[in-house]
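Protein chains in written order, with numbering that gives the first Met the number 0: chain A, 0 to 175; chain B, 0 to 154.
Some clues are possibly wrong.
To be verified - Okay, the calculated beta carbon distance ranges per label pair:
id, chain 1, residue 1, chain 2, residue 2, range
1, B, 9, A, 25, 35 to 41 Å
2, B, 4, A, 166, 30 to 36 Å
3, A, 55, B, 5, 18 to 24 Å
4, A, 25, B, 90, 39 to 45 Å
5, B, 20, A, 25, 57 to 63 Å
6, A, 126, B, 92, 37 to 43 Å
7, A, 71, B, 72, 46 to 52 Å
Because the hints were derived from the structure by calculation, they are not lab data. For glycine and all other residues, C-beta sits at the position ideal for the given N, C-alpha and C.
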Amino acid sequence: MLTLLTASVVNRARVAQQPSPQPAYRVDRSVLRTQQACICASVLLGFVLGTELGRWFVLATGFVLSLGVLHPALALYKQLYWRALRPAGLLKPDVHVEDPMPHLFAQGMGGAVSLLAALALFLDATVLGWALAWLVFALALVNLLVQFCTGCFIYYQLDRVGLLPRAIASTRGRAA
Amino acid sequence: MLERALIALAIVAALLAALWLGRRLLAAADARTLRRLRAITRASADASAAARLVYFTTTTCVVCRVQQEPALAALRAHMPQLRIEQHDAVAEPALAAEYAVRSVPTIAVYRRDGALVTIHRGFVPAAVLRSELEGTPLRIEGGAELAGELLDPSR
Numbered sequence: 000m001l002t003l004l005t006a007s008v009v010n011r012a013r014v015a016q017q018p019s020p021q022p023a024y025r026v027d028r029s030v031l032r033t034q035q036a037c038i039c040a041s042v043l044l045g046f047v048l049g050t051e052l053g054r055w056f057v058l059a060t061g062f063v064l065s066l067g068v069l070h071p072a073l074a075l076y077k078q079l080y081w082r083a084l085r086p087a088g089l090l091k092p093d094v095h096v097e098d099p100m101p102h103l104f105a106q107g108m109g110g111a112v113s114l115l116a117a118l119a120l121f122l123d124a125t126v127l128g129w130a131l132a133w134l135v136f137a138l139a140l141v142n143l144l145v146q147f148c149t150g151c152f153i154y155y156q157l158d159r160v161g162l163l164p165r166a167i168a169s170t171r172g173r174a175a
Numbered sequence: 000m001l002e003r004a005l006i007a008l009a010i011v012a013a014l015l016a017a018l019w020l021g022r023r024l025l026a027a028a029d030a031r032t033l034r035r036l037r038a039i040t041r042a043s044a045d046a047s048a049a050a051r052l053v054y055f056t057t058t059t060c061v062v063c064r065v066q067q068e069p070a071l072a073a074l075r076a077h078m079p080q081l082r083i084e085q086h087d088a089v090a091e092p093a094l095a096a097e098y099a100v101r102s103v104p105t106i107a108v109y110r111r112d113g114a115l116v117t118i119h120r121g122f123v124p125a126a127v128l129r130s131e132l133e134g135t136p137l138r139i140e141g142g143a144e145l146a147g148e149l150l151d152p153s154r
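Chain A extracted, bound-state conformation (with noise of 0.2 Å):
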């Protein structure tokens, strides 16, 4: 019944203070509510705004996603946890001994797929459009009240079957 097994997707693994072997393990959940409590309000807001206005929220939002894939310093919404939520005690660190990477590939995910509905909203596909943005908050949504990440799921089944690239599948850095 149940062969889609995720490791540690169902995000239920208590909080580590317990020294590890493996620092670079490490996840501070505030950082990623952080980020999609602001997906969730920038596509809400811009639909509200309607389409003319709103895609250029959607826009914005696949942008930062995306960029902060590439960098974090480009990852606005993480930017503004570190920068702002966190120093001004508004939110504390809330780290967990976990793998970094099916969040960025989930963040990735959810940056590719605010770039189409930006992209459908341009193109006056507006249906599609806000279907795919509805998608992302949806998503976004799911992650922050139940903690289940369906980027982080996809990252995994598709690590199972070995499509992967070396550089970014959970067996990286270890000796082939």
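Starting from the known structure of chain A, arrange chain B on it as the hints suggest.
What follows is chain B alone, placed relative to chain A:
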């Protein structure tokens, strides 16, 4: 704009309702799995003379490798008689389905009398497993998520 706001509100409400329903269904499915497995273990209660853990992992599970397995090793050091049955959830789909494994690590906890205590989905600290295996209450003051140091018998 009001019309679009109402549509957005309806979509968000529908999503939230679907999420709530999904969680309820998952919780019900987990409860059914637990009841079914408990019925099996009651039927063969004398099959196991040692406490045991049925531990599901996969080759790509980072939490398993970095967090859960050190916790299990610490637990085994304190309970040498403990049996840990490790299974690859991908390689053994039938067994994984029997335990309704949806994510890893998943750990089924069996006491010495063969009774299934619970099934954990996600990382479980060693101290929590130990208290469940021994049937003793877990007394923790802060930092309940931690593993190794809580195995200190003096605590």
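Hint by hint, here is what the structure shows:
| no. | hint | in the structure |
| --- | --- | --- |
| 1 | B:9 / A:25: 35 to 41 Å | holds, 39 Å |
| 2 | B:4 / A:166: 30 to 36 Å | violated, 44 Å |
| 3 | A:55 / B:5: 18 to 24 Å | holds, 22 Å |
| 4 | A:25 / B:90: 39 to 45 Å | violated, 28 Å |
| 5 | B:20 / A:25: 57 to 63 Å | violated, 34 Å |
| 6 | A:126 / B:92: 37 to 43 Å | holds, 39 Å |
| 7 | A:71 / B:72: 46 to 52 Å | violated, 34 Å |
Of the numbered hints given earlier, the model fails hints 2, 4, 5 and 7; all others are met.
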